[in-house]
Each structure stands twice: as structure tokens, then as C-alpha cells.
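Number of protein chains: 2
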Amino acid sequence: MIKLHNYFRSSASYRVRIALNFKGLPYEYVPVHLLKDGGQQLAPSFRTLNPDSLTPVLDDEGQVLTQSLAIIEYLDETRPLPPLLPRTAVERAYVRSIALAIACEIHPLNNLRVLRYLVKTLALSEEQKNTWYRHWVEQGLASLEARLVAEARTGLYALGDAITIADVVIVPQIFNAQRMDCNLGSVPTVMRIYDHCMQLPAFIDAQPSTQPDAE
Amino acid sequence: MIKLHNYFRSSASYRVRIALNFKGLPYEYVPVHLLKDGGQQLAPSFRTLNPDSLTPVLDDEGQVLTQSLAIIEYLDETRPLPPLLPRTAVERAYVRSIALAIACEIHPLNNLRVLRYLVKTLALSEEQKNTWYRHWVEQGLASLEARLVAEARTGLYALGDAITIADVVIVPQIFNAQRMDCNLGSVPTVMRIYDHCMQLPAFIDAQPSTQPDAE
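Sequence order for the protein chains is A and B. Under my numbering, the letters of the first sequence match residues 23 to 237, in that order. Under my numbering, the letters of the second sequence match residues 23 to 237, in that order.
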């Protein structure tokens with residue numbers, strides 16, 4: 023059985039849970055608490071699994087995979103139906119570019135170790151840290167909104183009316199944005215896609231609040 | 023003909039130049055200067071092409087693509103030989119995870135707009151900014167080194183003796199690290215791969231110093 027080493031609130035973990043659910047794949051949930059015990063991701067046993075000390079890690083019958091987007095591509099290649107990547111190379115590039123715009127331009131600036139550096143090493147205030155967080159989320163989502171509004175390809179979801187890897191990455195980012203009180207009023211197209219996704223069991227069942235390690 | 027909107031020193035641009043060269047694809051070099059004219063990537067004409075205001079943008083006969091890793095996957099799908107992705111799903115996941123570990127965990131923390139925020143908005147000193155830069159590069163490369171040392175799959179390059187997308191992403195990150203005087207003495211395996219890559223024309227011809235817009 024697939025094992026997913028993950029943390030309920032990690033948005034990279036959340037992406038992989040959505041993909042597993044979407045494909046109807048059962049998995050063993052192995053919690054890795056990023057705050058307890060000084061960070062369980064830093065324990066030697068976890069570092070052996072992933073020297074990056076990051077969740078999620080997926081173990082598929084002994085094949086250990088890291089990086090959420092690489093894991094989702096792997097799941098799509100080994101369990102192709104229902105697909106998370108569209109059929110043409112141009113469309114695949116398009117949905118990957120949306121996923122990467124979030125995974126490379128927004129999320130990395132706001133993960134736990136970066137926020138810790140801001141507060142502990144740079145001695146920024148809580149207010150400055152939160153302003154930083156909201157700045158990158160709001161700027162990144164504004165770009166995404168501009169793209170989705172300009173694109174004839176936008177449908178119920180990011181690409182037409184079928185779920186793709188783009189939606190799988192959008193939803194956890196919005197969850198984070200809401201948690202940090204980011205202004206989402208100016209990204210109605212992104213929010214419409216989010217709302218449509220959140221009507222589907224694959225997304226509902228993956229949300230942080232209902233995971234075994236949720237607090 | 024393929025057009026590449028890019029900047030000589032942008033490491034995401036550098037990745038795509040390596041991929042184009044590796045596949046023997048001629049392309050028109052369209053410079054986008056990130057520092058001149060208040061940043062040519064912020065001009066309305068460029069924002070129409072890419073609302074994210076980021077280089078590179080690849081235009082393949084009117085198909086406009088963004089995000090370097092999505093562009094490289096597209097080039098590999100539409101021009102499969104020589105390949106940049108290996109043949110098995112597990113190996114593809116592995117090289118993608120290395121590429122993403124750099125593209126998501128190191129590079130985003132050190133791009134121009136983030137460094138500007140540190141200096142202009144947070145009023146950090148030049149020294150604090152450089153310490154930030156080196157911290158994320160050195161931490162990220164240490165993780166990569168640990169993985170490459172532990173992996174039986176490491177060869178001349180990141181995966182065995184054939185170039186993959188992992189090497190295409192490693193090389194520009196090392197270029198950046200050298201430019202910023204990061205300590206690279208503790209990552210000998212990464213540096214060995216870098217040195218091997220830099221003997222190949224695809225990599226040599228893509229390096230920033232020899233591009234048309236180099237200063």
C-alpha cells in the first residue's frame with residue numbers, strides 16, 4: 023500500500039492527498055509533525071527518507087519519492103485514470119506553468135523555515151512577518167487572476183471543465199491564504215475555481231481539518 | 023522559429039537555453055533586461071505575454087509558454103531526442119524531484135524581487151541580504167549533496183551517465199552560488215556534476231557571459 027509521510031497543514035502534503043483521492047488510491051497516512059519534538063521532519067529517521075527535511079514523502083512499495091509536483095506526475099504516469107495532466111503538450115505546459123507559478127513563486131516564500139528565519143534570524147516583528155506573507159500571496163494570486171481572466175481556456179476549473187494538476191495546487195494555496203487573512207476579494211476567478219473544487223470529494227476529504235493529525 | 027524572451031543572468035532563462043542547446047534547437051534570442059528601464063519585465067507589452075513578469079517566456083510558433091520547468095518538459099515532449107527525462111516513471115520522479123528541490127526550495131528565495139523586498143521594504147543591510155542569499159543556497163545544496171552521496175543512482179551526472187532535467191537545473195544554481203561567493207567546498211558531488219556538465223557545448227554555450235545581452 024502507498025504510504026504518505028505528511029503533515030495535515032502542509033500545503034505540499036495537501037496537494038498529494040488531493041491527487042491520491044482524485045485517483046481513488048487508498049494510502050496509509052503517516053503523520054510528521056513539523057512543530058512537535060523540535061520538528062519531526064528534522065529527526066535522523068526522517069532525514070534518511072528525505073535529506074531535504076520536507077513533507078510530503080510518498081513510499082510506493084519501497085520506492086521513496088519527494089517533492090509534491092514530482093509525486094503527482096508519478097501518480098499520473100503510473101495510475102493514468104482519471105488523468106491530472108491534459109492530453110496535448112501545449113495544455114500540459116499550461117497547467118504545469120500554473121502549478122509551478124504557485125509552487126515556485128508563492129509557496130516557497132511562506133513556508134515554515136522561511137518564516138522562522140524572518141523572526142529568529144532577522145528579528146522581524148509578527149506584523150512584518152505577516153505583511154511579508156500576504157505580500158507574496160496577494161501578488162502571486164493577482165498574476166494568476168490576470169492570466170485566468172485573459173485565457174479563453176479557463177472554465178469551471180483552471181483548464182476547461184476537467185480537474186488538472188493546476189487545480190490541485192491552487193486549492194491548498196487558497197486554504198493558506200484564508201488562514202493568514204490575505205485579501206482575496208480581487209481574485210474572483212481564482213476563488214470561483216476554488217469553490218468549484220471544494221464541492222468535490224477528492225478535495226473535501228483532503229482538507230487539513232479532517233486529517234488524522236489535525237488539531 | 024522558437025523565440026526565447028530571456029535575460030542572460032536569470033537562472034531560469036539559463037535552464038531553458040541549456041535545454042534548447044542540448045536538443046539542437048535554434049532559437050531567436052529576445053533580451054528582456056530585468057534592471058534597465060525600471061525592469062523591462064514590468065512593461066505592459068511583456069506583462070501581456072506573461073502576467074507574472076518573469077523570464078523566461080518561450081514562444082513556439084505562437085504558443086506562448088512560461089515557467090522554465092514547464093517549458094523544458096514541453097520541449098522534451100515535442101522534441102523527444104535527445105531526452106531530458108529518463109525512461110521509467112520512478113527515474114522521472116527522481117530527476118524531477120532534484121530539479122524541483124532547486125527550483126522550489128533555493129531559487130525563489132533569491133530572485134531579484136525578493137532581494138529587493140529585503141532591502142527596500144525591510145531595510146536590511148547589504149550584508150544581511152547576502153547572508154540570507156548564502157543561507158538558502160548553502161542549506162539547499164547541502165541537502166542535495168546528502169541525497170546524491172546516499173544514492174546509488176548518482177553517476178557522471180545526477181542520474182547515471184546521461185544528462186537529465188536535474189543537471190539542467192543544477193548548473194545555473196551553481197553559477198549563481200559562485201557569483202554570490204557561497205561556500206561550495208562542502209558539496210563535492212554537486213560540484214563534480216557541475217564540472218562534468220560544463221565540458222559539454224550545450225552548457226558552455228548557454229552560460230550568461232556569452233549571451234548577446236551580457237554585460
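A couple of the hints might just be wrong.
Capping the alpha-carbon separation at 25 Å, the derived lysine to any residue pairs in SDA-like fashion look like this [claimed, not checked]:
hint, chain 1, residue 1, chain 2, residue 2
1, A, K151, B, R114
2, A, K25, B, A111
3, B, K151, A, E160
4, A, K151, B, A111
5, A, K58, A, L47
6, A, K151, A, G207
7, A, K142, B, A184
8, A, K45, B, L107
9, A, K45, B, R201
10, B, K45, A, K142
11, A, K45, B, T110
12, B, K151, A, L146
13, A, K142, B, S147
14, A, K142, B, T110
15, B, K151, A, L140
16, B, K45, A, R109
17, B, K25, B, K45
18, A, K142, B, K25
19, B, K45, B, S147
20, A, K58, B, N152
21, A, K151, B, K151
22, A, K25, B, K45
23, A, K142, B, R135
24, A, K58, A, G207
25, A, K142, B, N205
26, B, K142, B, D217
27, B, K25, B, P53
Non-contacting residues of chain A with respect to chain B, defined by C-beta distances greater than 10 Å in every case (computed) [stated by the list, open to error]:
hint, residue
28, Q89
29, R118
30, D183
Quick caveat, the hints were computed from the structure, so don't treat them as lab data. If you're wondering where the values come from, they're calculated on a predicted model, not measured in any experiment. Ideal placement from N, C-alpha and C gives every residue a C-beta, glycine not left out.
inquiry  = Hint by hint, where does the structure go against what was stated? Just the numbers, ascending.
reply    = Result: hints 1, 4, 5, 7, 9, 10, 14, 18, 19, 20, 22, 24, 26, 28 and 29 break, sorted rising.
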